[in-house]
Amino acid sequence: MKRVYANETYCVGCKLCEIHCAVAHSESKDIIKAYKKEKIKPMPRIVVEDDMPISFALQCRHCEDAPCIKACITGAMQKGEQTGIVTNEENRCVGCWTCILVCPFGAIVRNEQGKKVAAKCDLCAEIEDTPACVKNCPNEALKYEEEGE
Amino acid sequence: MLKKEGQIRIPSGCAISGIMNRKGERFSGEDIIASIALMHERSNGLGGGFAAYGIYPEYKDLFALHVFYDDVEAKIRAEDFLNTHFDIESSGKIPTTKVSAITKSPMIWRYFIKPRKFKLIESELNEEEFTARCVIKINTYFDGAFIFSSGKNMGAFKGVGYPEDIGEFYMLDTYKAHLWTAHGRFPTNTPGWWGGAHPFTLLDWSIVHNGEISSYDANRRYVEMYGYKCNLQTDTEAITYLFDLLNRKHHMPLETVVKVLAAPMWQDIEKEAPEQAKKLKALRAVYASALINGPFSIILGFKNGMLALNDRIKLRSLVAAEKGEMLYVASEESAIRVVCQNPDKVWTPKGGEPVIGLLNEEAKV
Amino acid sequence: MSLNFNVPEFMVERNEDRCIQCEVCVRQCANEVHTYDEEDNKVYADETNCVNCHRCVLMCPTRALSIKKHSLEFRENANWTASAMNEIYKQAQTGGILLSGMGNPKPYPIYWDRMLLNASQVTNPSIDPLREPMETKVILGRKPEKVTFDEDGNMTTKMPPQIELSTPILFSAMSFGSISKNAHASLARAARETGTLYNTGEGGLNKEFYEFGKNTIVQVASGRFGVHKEYLNAGAAIEIKIGQGAKPGIGGHLPGEKVGEEVSATRMIPEGSDAISPAPHHDIYSIEDLRQLIYSLKEATDYKKPVFVKIAAVHNAPAIASGIARAGADVIVMDGYRGGTGAAPTRVRDNVGIPIELALAAVDQRLREEGIRNEVSLLVAGSVRNSADVVKAVALGADAVYIGSAAVIAMGCHMCQKCYTGKCNWGIATQREDLVKRLNPEIVSTRLANLIRAWTHEIKEMLGGMGINAIDSLRGNRLMLRGIGLSEKELEILGINHAGE
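Chains as they are written, first to last, in my numbering: chain A, 145 to 293; chain B, 1101 to 1465; chain C, 27 to 527.
Just chain A, with the same shape it has in the complex (with noise of 0.2 Å):
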């Protein structure tokens, strides 16, 4: 399955695509609107890791084996079967952030505004073909694509 991957060396650590991704998961959708009136505030559900000049950006794997998926005590966690996409369902989560425990990669946050859910990347599979974070990297250091390309 085509994924998000990181090239840190051309990371510029802008977090733009935690800006866009946040934007992506809004109810508007609207950058300002999103940030300026959305009670609930904008989420991103990447991550820039940073200590400059490294920097690179982190969000979930899409794990074949997901411990995630695993780990969920409601079912909400799922793996989409064509997709391969892991998304976790926020109706039947219940946030007791186990899936926040095991993930190897500490790519799943805590959204607590209104309902307790579990927040993570879906790659923006409802919106778009690319995901937000790749289509406003200022420097292609993100790449959607399969694994090895």
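Do not take every clue at face value.
Stated by the list, open to error - Part of the chain C face toward chain B, derived, beta carbon under 10 Å: (1) D43; (2) P170; (3) V173; (4) Q188; (5) N503.
The hints are simulated quantities; they were obtained by calculation from the structure and are not laboratory data. Glycine residues also receive a C-beta, built at the ideal position from the N, C-alpha and C atoms.
The hints should help you fit chains B and C onto chain A, whose structure is shown.
Then chains B and C, alone, in the frame of chain A:
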């Protein structure tokens, strides 16, 4: 006042024609006049001319100068110079006849000359180079005098008017030559100066030319590095000097000169065998500034024959034909058929592909 | 501490309705202009250090930022302008030479813009480059006066080494040190992709880039940094740099802070040491010395590489160029007073040297008068800004042009002229790792190649319009140029007629 050639660059379109007998048999100027007259519409009465080879067998070792003088003073000054540098064997007016369409002709004189021995020795040049330099000098520095022909056993005849009228004016039916070339001119702006008509000549070279080359100033500034002066600012003059430089001075065979002036495209050079490609590449590298660009068709006359050539993407018309020993080239096929109804072969040379007609070995001068 | 008289040059305008406090600007400004105040949840700007490089403006995801000229006015004075006064404040404070980056920005006449090109109408046809071949290939190198053949038609002339370019545009010398490794990598890749050359500048050649040798000119300058036999043989040609348009007569100085591990290894100098290029080559005090260096380099490379000699365009350029040609150089390079640089004393940059257009016209004419123009190639640099400038340069007599400033602009440079600070926000003129990585050679080499391709297309269009199908026929073809608004003297030097003539 309108500026004449030499003071300003005047573009022009034209008609050209050339006829030769490869055996060296001589024939009168009637055919060439008929051929160029057929293309009357391609000229506008502002210039016509002819070059004839083999016309002065009795003086074949002497340079034949044809000179236009604006006035007697110019003639005195030029003759003074000629007397100092040359032995003049014979001189006189070039015979002309009255033609109603030809007016305001200058004084037209002819001299058969050879360089004075001590002057030649002093100059450390050969006869040709010495004469060429003297011709260039007169044409550059002597106001009112213009040498329009300077070869051996050949001559140019030109003026302002339609070419057929010019032919009649000079009575070319009374001359016999083994090679004739002709030109009818369509300049876009000229006061009608006789020196500006074609052919343009230097020593035995004569060129008639149809087209306006876009590389003119690149070519001009290139040849001027080697002692030439493009006084007329015409394409024809620049092309003549290029031929002279490459063939006479650099000893390049005419087939190779053609590869310089109408150089093959790089994409075609790449397709050649390595040795040939290397040669063509070197030619293009060294003689880049001698590439003639833009539309042209030319007929070059020289001692042993003629060469007709188109620009490399054939932006001007040129047709060739053969019948027996006769070789014809002209801007239009009809201009050939009017004097040779059933040629053995008629063809349209490709851009950059020369038609070369040489005198047979025994006919060579 | 005493009062600092320097006032900010620019103002940051932040549209608070659009600012989402994402702090991208904070993270991207190497000059630390933007700061985020958590208490106020606001981003503020201290404009003193703003150089107007537009990095924050272009990175801002909501386009909330704009940079304006600072509104602070000095009392109007045609003589004592704000910049004249500010420079004095600066010097009074520091006691130092004023430094600048990039080329001369003063409003001297730009002759490129005072020349117009010709086109064919009726009497000869223009040529459509989409239908007909249109040749932009240029061959650089020393040419024999003539090509000779033996009786069988075999060539007997031995050609000196020649370089084939697919277009008359090369990337000019910018050293590794003055620009980043990623910038170098981008130039090298773009040169290979478009069939042209880039130039190492005087900083030596990183081993990683030896693979681009066929598209590399290796430079030998007065500091001789990074010069060794392998280096000389690594490129397609060697360039001896005598001078540079931005700072004729002045050497170079790469501060020790920029000499990190890789720069140190490439330049062959200790890490952290200043790299000082002397003003003259200390083995060239005259033209005959230059000849010796030219031939030493030819010896070292088996006479297989053309040797370029680069000078700044100065008053006596024609005579100097003639001397260089006779000293055996294969290619003469002239750099005009608008040529860029990483760092130059401001006074020198703005006051020394002459326009490349005039120098080119004069040198080409002089070499022709001496009958040697055809023997050497002539390359010009010093602010060639677009394809029309290239066409005009070739028509004046150049074989090809070098582009430096245009290339760095294609890479992202916004002409803030602060290259010498080493804080280039675009990753070009810097060695700071976090900044260097902002320049991704994959993206930037494509941008450079695009620029070359775009200009080449335009050159072909203009050539076709003139009825010319090979760049050879444009070289020195000054009838294709007409002056506009130029004096008799200027026309005479340029060797062109006025429009309407």
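Status of each hint after checking the structure:
no. : hint : result
1   : D43  : violated, 58 Å
2   : P170 : holds, 6 Å
3   : V173 : holds, 5 Å
4   : Q188 : holds, 6 Å
5   : N503 : holds, 4 Å
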